[in-house]
Amino acid sequence: MNDMSRTPGSMLLSDVAEFLWHEADLLDRKDYDAWLSLWTGKGHYILPIGDTPDAELADALNLCYDNDKMRRDRIARFQAGFSISSAPPAETIRTVSRIVIEAAEGDRVTIRSAEHLIEDKFGRQRVWAANVTHRLIRVDGSFRIEDKIVRLLNSDGMLNSFSYLF
Amino acid sequence: MTLDTPVQLDLDALYNDAQVATSMYEDPALFDIEMERIFKNTWVFVAHDSEIPDKGSFKLSWVGKEPVIVVRDRKGKVHVMVNRCRHRAATVCEVKKGKTSSFQCPYHGWGYALDGSLRALPYPEQYGDDFDKAQHGLQRLHTETYSGMIFASFNAEIEPLVDFLGPVTKWIDLFMKQGGGFPVKVLGEHQFKVPMNWKVQLENTTDAYHFPIVHKSFMQSLDGETEEMFEFLETGKGYVEDLGNGHSVMVMIPELVDLDENLDAPIPERFAELAQELRDEGYPEDQVKKIVRAVGGAGFNLNLFPNVSFSLAFFRVLRPVSVEETEIRHMALGMEGGPAAANRMRLRLHEHFQGPMGFGSPDDAEVWERVQRGTKGGPDLKILVNRGLVDERPGPDGPLGHISAETGMRAAYDMWKRMMSK
Numbered sequence: 001m002n003d004m005s006r007t008p009g010s011m012l013l014s015d016v017a018e019f020l021w022h023e024a025d026l027l028d029r030k031d032y033d034a035w036l037s038l039w040t041g042k043g044h045y046i047l048p049i050g051d052t053p054d055a056e057l058a059d060a061l062n063l064c065y066d067n068d069k070m071r072r073d074r075i076a077r078f079q080a081g082f083s084i085s086s087a088p089p090a091e092t093i094r095t096v097s098r099i100v101i102e103a104a105e106g107d108r109v110t111i112r113s114a115e116h117l118i119e120d121k122f123g124r125q126r127v128w129a130a131n132v133t134h135r136l137i138r139v140d141g142s143f144r145i146e147d148k149i150v151r152l153l154n155s156d157g158m159l160n161s162f163s164y165l166f
Numbered sequence: 001m002t003l004d005t006p007v008q009l010d011l012d013a014l015y016n017d018a019q020v021a022t023s024m025y026e027d028p029a030l031f032d033i034e035m036e037r038i039f040k041n042t043w044v045f046v047a048h049d050s051e052i053p054d055k056g057s058f059k060l061s062w063v064g065k066e067p068v069i070v071v072r073d074r075k076g077k078v079h080v081m082v083n084r085c086r087h088r089a090a091t092v093c094e095v096k097k098g099k100t101s102s103f104q105c106p107y108h109g110w111g112y113a114l115d116g117s118l119r120a121l122p123y124p125e126q127y128g129d130d131f132d133k134a135q136h137g138l139q140r141l142h143t144e145t146y147s148g149m150i151f152a153s154f155n156a157e158i159e160p161l162v163d164f165l166g167p168v169t170k171w172i173d174l175f176m177k178q179g180g181g182f183p184v185k186v187l188g189e190h191q192f193k194v195p196m197n198w199k200v201q202l203e204n205t206t207d208a209y210h211f212p213i214v215h216k217s218f219m220q221s222l223d224g225e226t227e228e229m230f231e232f233l234e235t236g237k238g239y240v241e242d243l244g245n246g247h248s249v250m251v252m253i254p255e256l257v258d259l260d261e262n263l264d265a266p267i268p269e270r271f272a273e274l275a276q277e278l279r280d281e282g283y284p285e286d287q288v289k290k291i292v293r294a295v296g297g298a299g300f301n302l303n304l305f306p307n308v309s310f311s312l313a314f315f316r317v318l319r320p321v322s323v324e325e326t327e328i329r330h331m332a333l334g335m336e337g338g339p340a341a342a343n344r345m346r347l348r349l350h351e352h353f354q355g356p357m358g359f360g361s362p363d364d365a366e367v368w369e370r371v372q373r374g375t376k377g378g379p380d381l382k383i384l385v386n387r388g389l390v391d392e393r394p395g396p397d398g399p400l401g402h403i404s405a406e407t408g409m410r411a412a413y414d415m416w417k418r419m420m421s422k
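Sequences listed follow chains A and B, in order.
Take 1 as the starting number for the first sequence in this note's numbering and just add one per residue.
Take 1 as the starting number for the second sequence in this note's numbering and just add one per residue.
The following block holds chain B by itself, in its conformation from the complex (with noise of 0.2 Å):
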């Protein structure tokens, strides 16, 4: 859809000065703006590399309100198309993920290749001589992969996908050493549906100031080493920093932040039966400390603008459904090849506080519907997200600020407001 008059939105007075208007999580015409100028013209994250590991692996998944096909070709080649018949429209695929030589559609026949591509359709002569298959493939996004994440993009004149990364590129690499020496595996994912505005799920990502609270239930549910590791806003010790972009890494536990590192320190007392286990297994003891301290994950957020996260042990996506709707999927990581205790581990952990039944994730899942249903109070109220200015400074790649700072937040609002206005 291509708006005909462009349309004229005070963006100031949806945010400026670290405040959020409260329109900004309820007002439909505005989503379907942001569909349009955000999802429509940026890099989507849709899919990881694990998730579509063979020749002719699909999933399921989509970039703003429009489904997509994930695919792998013969040539181990990744395309991401919409999925739409070019005939009349049916869905070609509603399998969410499986292995496939092709796509046809159910209600006329028209076969796709697993690039998209137009391969035949039943009868083509009633379409006269000049019908042009080429013409008519599934339309295709383009399709850049870093580091085993996948994203798509609309938008034929978006700039390489490690520009818009940029510093973002090194925090990847090191969250994924928590593969522990083999590659990271997608394990399985939770799913749940918030009746909230994807925004209220973008930011949250990057709070620090509401774990020990929203979390105190799983917090009292942890061994006592695991607790202290985790009450990083009384040590203070973290710190959150705008990448530029919309990105925003919050850093919770800095000694987790490199998992290659301090490899020699004594192995926490909740993985010690694991280790035992591993070296039953007859694994050297350099790398049963190695992927020991990867198994718990490392310990930062890495938030990408608009619609992943790197959080701590998982992948957290969003999908905006409509203005006041949003799924989530979180994504359990494992070790590809690794020994299966270590992975058993990670599942374990990775139930205990995502998803509908974790110690942290419904609790998480109720306050935000809890800003849902507040903004229906005090219109003309705004949302602060002016915490940390305080005593923001400049980091090696934007302001830094405290832990609790919600700098990850303007970084996000900032990044919104340049892509609202074009």
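So here's chain A without its partners, still in its complex pose (with noise of 0.2 Å):
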């Protein structure tokens, strides 16, 4: 059963929180195959600048604009040990909170939510907030996402280099 707009709202968030709880987790751990495997192949994976609105962000600068293919490079550049800054990488731990069903409807949700995430590298502590955006799909009583926009707090502002996802 996908049709979201039935499902009774505190079974839809708690299915939701699963999803997202499940994603930060491999994020966290690095496991990026399995990442890679949440999507549907079609969307993008955005962290914009400033409050470019979701709509022209194709035609602004991005922190990162990742279709499928570069998604799928931004992996490989992280697994194959060749860029200094991911061999080895910071260390996360992220949570993330405050989810907001924003729109449900046929098999289609989409989540507003906040992340915090704190990096350790160099025996040292960064801390990150952001409200992401995710537009994922009900398959097979799971989900898939389509679309996950990130943004960052300070994303106009000076940033570090980051060798991880949020």
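What the hints contain is simulated information worked out from the structure, not anything from laboratory work.
Only a predicted model underlies this, so the values are computations on that prediction, with no experimental measurement involved.
Even for Gly, the Cβ is constructed at its ideal location relative to N, Cα and C.
Treat each hint with caution, since some may be false.
Here are some, though not all, of the chain B residues that point toward chain A, as calculated from beta-carbon distances under 10 Å [to be verified]: (1) 189; (2) 191; (3) 220; (4) 327; (5) 332; (6) 343; (7) 347; (8) 350; (9) 351; (10) 356; (11) 358; (12) 359; (13) 361; (14) 362; (15) 364; (16) 370.
Chain A stretches covered by chain B per the calculated footprint, using a threshold of three residues with CB under 8 Å from any CB of chain B [said to hold, decoys possible]: (17) 53-67; (18) 70-82.
Each pair of labels, with its calculated beta carbon distance range [stated by the list, open to error]: (19) A:17 with B:236: 54 to 64 Å; (20) B:210 with A:69: 25 to 35 Å; (21) A:122 with B:124: 48 to 58 Å; (22) B:236 with A:51: 41 to 51 Å.
The task is to assemble the complex, starting from two chains supplied on their own in separate frames and drawing on the hints.
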């Protein structure tokens, strides 16, 4: 049963939370092959700069604007061991919370959430916060990611380099 | 700040014979002198024309450690002034970029015109009749522009910008051809901070030697044809040339030095889709070829002393924050009024390599930080910039060496020494 307008709100929220926490766990454990398999393969993984509206991101400079091929290339870069910044990468621990179901219709659901991530490298910890939007599609009782947009709180400020995914 | 007793520096101990002392990256007192003798005395890049397109457009920038406002007045003239109220020092603007008709201090309401002149202040009578508003404008810097590049200087006696640039101007002209027939426009910027001395960054933009090592993972993500293009150390066709005044050029891909040449060459596979899109939009074939050839950027890095580089397809701007802290901006460039598809491709190419999540910059940032960490050991050891002296020869504008030579770094350190000796 994929029609989410008929799923009771609390049940949908618990399904969505379970999925987002699963994704967060995969990313912290850097199980990137499993993460790639969460995607439908059609949409984008985007970290915008500033407050450019979603519809204009293709024509704006972003921190990353990954289609399926770029996502795979990015993961391959992390895994091949030739990138000094990701060999070894920073360790991360993140929490995802403040989950809001923005829209649910048919097999599609749009989720907003807050992500806090702490990275550790060179004995130094850094803290990042982001508003995250997931556009998910219900497939066989679980979800697949169509689009994911991560808006860092200070995306238009001075950042550091990232050797992991949000 | 004027240093009452001139600090006696042993400059030869700091840089001589293509060897750099470790303290050059670490000494906070030396950093303060650099800010004074170099950044307060030379031309410093502050903004590109396209970032302040209209009357009243402004952006915040820096000259050395000092915050400045770059603004276009009602007549179109560009002014650069210190972001500090003449009354009690509050910044008069904290909006990074925008449009305004004036600047007003939030503390006591002193109001300044777009050219920095003091226009009005509340209850002026308490300053007496002889208060001269003309003496209380925002502190203005000397400002000149070349090909859209806005430079500013605190030094009123400074030579004209074109004299400072010298042979650099012809390379800027070549670089700007990547507008593909349109004016070059800044499309956005990536910003990141690295715990390193600013000179580590200055060196890097004229360092081809690191490319196949540090950027192996970037190379591996390219198609074969593009990867071949970036194997400039293998082919050895390029070169580095000292252009005087600390500037240098590093030619990596000689066939992409002049983008108006070889327009009849076949369109590379990776641009085939874009070319078709442009044809479908009605662009004639000669313009399609010109635009497509420009999309990938120029085949060289032009490294200016002390803070800006024209690097393949973007501007790299450095800002020294403290002796072991440097901020970097990578400004993405596009074609003003050009086809959206071409600009989209330029944005994606920029994101591919540059910025905090690029396939290149994070690896650069890691090795720069490793330099700063490494210099904690062996304080008496020297940093070597002598590579390529072995067959360096006179070029059209200065010493010219192998593509992987450290000629550009020596050019920068020679200028560093010249400015620090004054």
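For each hint, the structure was consulted:
1. Because the smallest distance between the Cβ of residue 189 of chain B and any Cβ of chain A comes to about 7 Å, under 10 Å, the interface hint for this residue holds.
2. Below 10 Å, beta-carbon pairs count as interface contacts, and residue 191 of chain B has one with chain A at about 5 Å; its hint therefore holds.
3. For the restraint placing residue 220 of chain B at the interface with chain A, the shortest Cβ-Cβ distance is roughly 7 Å, inside the 10 Å limit, so the hint holds.
4. For residue 327 of chain B, the interface hint holds, since its Cβ comes within 10 Å of a Cβ in chain A; the closest pair sits about 6 Å apart.
5. With a cut of 10 Å, the hint placing residue 332 of chain B at the interface with chain A holds, because the nearest CB-to-CB distance is about 5 Å.
6. Nearest Cβ of chain A to the Cβ of residue 343 of chain B: about 7 Å, under the 10 Å cut. The hint holds.
7. The beta carbon of residue 347 of chain B comes within 5 Å of a beta carbon in chain A, closer than 10 Å, and the hint placing it at the interface holds.
8. A cut of 10 Å between beta carbons decides the hint on residue 350 of chain B: the least distance to chain A is about 7 Å, and the hint holds.
9. Because the closest C-beta pair between residue 351 of chain B and chain A is about 6 Å apart, less than 10 Å, the hint holds.
10. With its C-beta approaching chain A no nearer than about 4 Å, residue 356 of chain B sits inside the 10 Å limit, and its interface hint holds.
11. Interface restraint check: residue 358 of chain B against chain A, minimum CB-CB distance 8 Å, threshold 10 Å, status holds.
12. The interface hint given for residue 359 of chain B holds, since its Cβ lies 6 Å from the closest Cβ of chain A, which is under the 10 Å cut-off.
13. Evaluation of the residue 361 of chain B hint against chain A yields a held restraint, the C-beta minimum of about 6 Å falling below 10 Å.
14. Hint status for residue 362 of chain B relative to chain A: holds, with the closest Cβ pair at about 3 Å, below 10 Å.
15. Annotation: interface hint on residue 364 of chain B holds; nearest CB of chain A at approximately 8 Å, less than 10 Å.
16. About 8 Å separates the beta-carbon of residue 370 of chain B from the nearest beta-carbon of chain A, less than 10 Å, and the hint is met.
17. A count of 8 residues in the stretch 53-67 of chain A with a Cβ less than 8 Å from any Cβ of chain B is obtained; the coverage claim is therefore met, three being the minimum.
18. Closer than 8 Å: that is the beta-carbon criterion, and the stretch 70-82 of chain A has 7 residues meeting it against chain B, so the requirement of 3 holds.
19. Evaluation of the 54 to 64 Å hint for residue 17 of chain A and residue 236 of chain B yields a pass: the beta carbon distance comes to about 57 Å.
20. Separated by about 27 Å at the C-beta atoms, residue 210 of chain B and residue 69 of chain A satisfy the suggested range of 25 to 35 Å.
21. A hinted range of 48 to 58 Å holds for the C-beta pair residue 122 of chain A and residue 124 of chain B, which are about 55 Å apart.
22. In this structure the hint that residue 236 of chain B and residue 51 of chain A lie 41 to 51 Å apart at CB holds, the actual value being about 47 Å.
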